[in-house]
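Protein chains: 2
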Amino acid sequence: MAKSKEVTACLLIIGNEVLSGRTHDANLPYLGENLNKIGIRLAEARALPDVEAEICGAVDQCRRKFDYVFTTGGIGPTHDDITTACIAKVFGVPVVRNQEAVRRLTEYMKAKNLDPNDRALNEARLKMADIPEGATLIDNPVSAAPGFNIENVFVMAGVPPIMRGMFEGFKGRLKGGAVMRSHSMTAPVPEGRVAGPLTELQKRHPDVEIGSYPFKRENQFGATLVIRGTDPDEIAAAAEEMRRMIRELGVEPVNETTDDPTAG
Amino acid sequence: MAKSKEVTACLLIIGNEVLSGRTHDANLPYLGENLNKIGIRLAEARALPDVEAEICGAVDQCRRKFDYVFTTGGIGPTHDDITTACIAKVFGVPVVRNQEAVRRLTEYMKAKNLDPNDRALNEARLKMADIPEGATLIDNPVSAAPGFNIENVFVMAGVPPIMRGMFEGFKGRLKGGAVMRSHSMTAPVPEGRVAGPLTELQKRHPDVEIGSYPFKRENQFGATLVIRGTDPDEIAAAAEEMRRMIRELGVEPVNETTDDPTAG
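If you read the protein sequences in the order shown, they are chains W and Z. Per the working numbering, numbering of the first sequence is gapless, rising by one per residue and ending at 290. Per the working numbering, numbering of the second sequence is gapless, rising by one per residue and ending at 290.
Hints are computed from structural coordinates only; laboratory data are not their basis. A few of these clues could be false.
Because identical chains cannot be distinguished in the list, a pair is counted as satisfied if it fits within a single copy or across any two copies.
In silico BS3-like pairs for lysine-lysine, Cα to Cα no more than 25 Å straight-line [unchecked claim]:
no., residue 1, residue 2
1, Lys91, Lys115
2, Lys31, Lys63
3, Lys242, Lys31
4, Lys229, Lys115
5, Lys229, Lys31
6, Lys91, Lys31
7, Lys242, Lys136
Isolated chain W (complex conformation) (with noise of 0.2 Å):
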C-alpha cells in the first residue's frame, strides 16, 4: 500500500535501558505523529544496545533505505555514549572538537547558578563539543550540548524534552511529502463480526489503510477503524462506506473522528 513518492524515516533509539525495561520511550510515539504532521512516514523503528557493531550496522542500513534516520540517545558525557563515535565511523569522518559547541557549553555552564565544582567544563562535558567534521549543529533549547545532523541522518539526545526541543528546532528543514489524514469511528461489536466486511470494503478502497483496533470496555467489545490516506475525498468516500457497513450490523457507529494534521 506504499505509495511511490511517500517520504519515510527510520528511528533508531540507542540505549540498553530501553531494551531492559528500565526506561519507557516516549520518543517513538512523539516522531511517529510529528514527522506525519510535515508529511514524513516513520516506516520503521529499533531500539539498539550501547553496542558499536549494532549501531554503526543499524545507522548504515537504514541510511541507504529510508529518506531519513533519526536517532536518539548516546551523546551525553559518559563512557556509554558512543553514538557520535558510531556515526562518524559509518560516515567515515573523523571526530573533532567544535568550537562553536565549545562556545554554547562554555555559556551555559557559566549563566548556571551552580557550585563552581558542577560548572567546570571538564573533559568529560567537552566530550558533548566532539562532533563528526562536516557536521551541521542542532541547537539544544534545554542544555546546551548540541545534537547534530551528517547528510541524512539526525542524532539527537534521548531525554523527551531536550529531544523535542531539537527536533522542533531542525524540523523546519526536513522535506515531506503529502501529510497522511485519518478518520475513526467506533465499531461497538466485536473485530470478529466487523473483519469480513471490512476487508471488502478495504478491497474497494485500495488507496487508503483501513486499520483495526479492538478492544474491550466493562464487557462490551467493540473495534475502532481507521482510514488513513493522503487524499481527504477518498477517505471521506470509505468513511461514508464504512457507516454504512456497521449499521448494516444492526448498530450505530459512535466516537467519529477525523485528524487532519495540517491544521492547528
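Mind docking chain Z on chain W? Use the hints.
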C-alpha cells in the same frame, strides 16, 4: 561487553498503529524485564509496518542473528493482520486450519454470553485458527485465539494482557543463560562531574556494565548510576568503589537499590 554464553532475543513489534504514534507499545519494557528474569537478554527490538516484505525480511534476518525472536501484533481476524502468513512464508510452509485452534475458538464463542451474531465462528474468526504447518500452539488464556511457535520464533498477540498471558504460559519452554543482576545508586551531582571517574570505574570492572542516566528534579541535577552483571560479587565490588567515587565528589550516594530478578 557481550558475554560468550549470553542468550539473546529480538522483539518485532508489528503494526502501523505503533509507528503512527496512535498506539504506545507497552510490550517492549515488559519483555525486556521478564526475559531478563529467565536469563535472556533482549538485544534488539524493531517496530515494523503491516507490510509483508518488511515483516518477512526482519523475521528472517533476526531468527538467524538471535537465539529467540518474539513477535507481537498482526494475528487477529482483520485484513491488516498478516503476521501468520509472513511467518509461514519465511519458513516455507503452508498456513493450514488447525483443528485444535478451531476447537478452542468454538468453545470460547459458545461459553461467552453473546448476541447470536457475535457468537458466530465466521470466516474472519476462523482465520485466527489458520496456523503455519508444523507450528506449536501458544495458549491464549484471555480470548482463546492462539499464538504459535515455530523453531526459535514465538508469535504473540499485540494487546498487552493477551501478550502477557501468552508469554507467561510458554516462558518455561525457553532456555536462558546467566541472569543479569543490577545495583543502582544516585549521585546527586550533574552527570558531567561524575562522567570522568565513572569511565575509570568501568575500565577497572570490565565484567559489569555501568550505565548513567541523568535527571533534573526541582533544580537539582543528578545521575542514576546502574551496575549490571551476572556475578553478584563483581557487582558488589564495583558498587563499593562507586560509593567511594561519589563521596570523593563531596556528596553522599542516595537511593541505593539491588535488583535480583531471580528473587521473589
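Cross-check of the supplied hints:
no., hint, result
1, Lys91 to Lys115, "both (18 Å within a copy, 23 Å between copies)"
2, Lys31 to Lys63, "within (16 Å within a copy, 45 Å between copies)"
3, Lys242 to Lys31, "neither (38 Å within a copy, 42 Å between copies)"
4, Lys229 to Lys115, "between (46 Å within a copy, 22 Å between copies)"
5, Lys229 to Lys31, "within (22 Å within a copy, 49 Å between copies)"
6, Lys91 to Lys31, "within (14 Å within a copy, 33 Å between copies)"
7, Lys242 to Lys136, "between (55 Å within a copy, 18 Å between copies)"
The structure does not agree with numbered hint 3 stated previously, though it agrees with all others.
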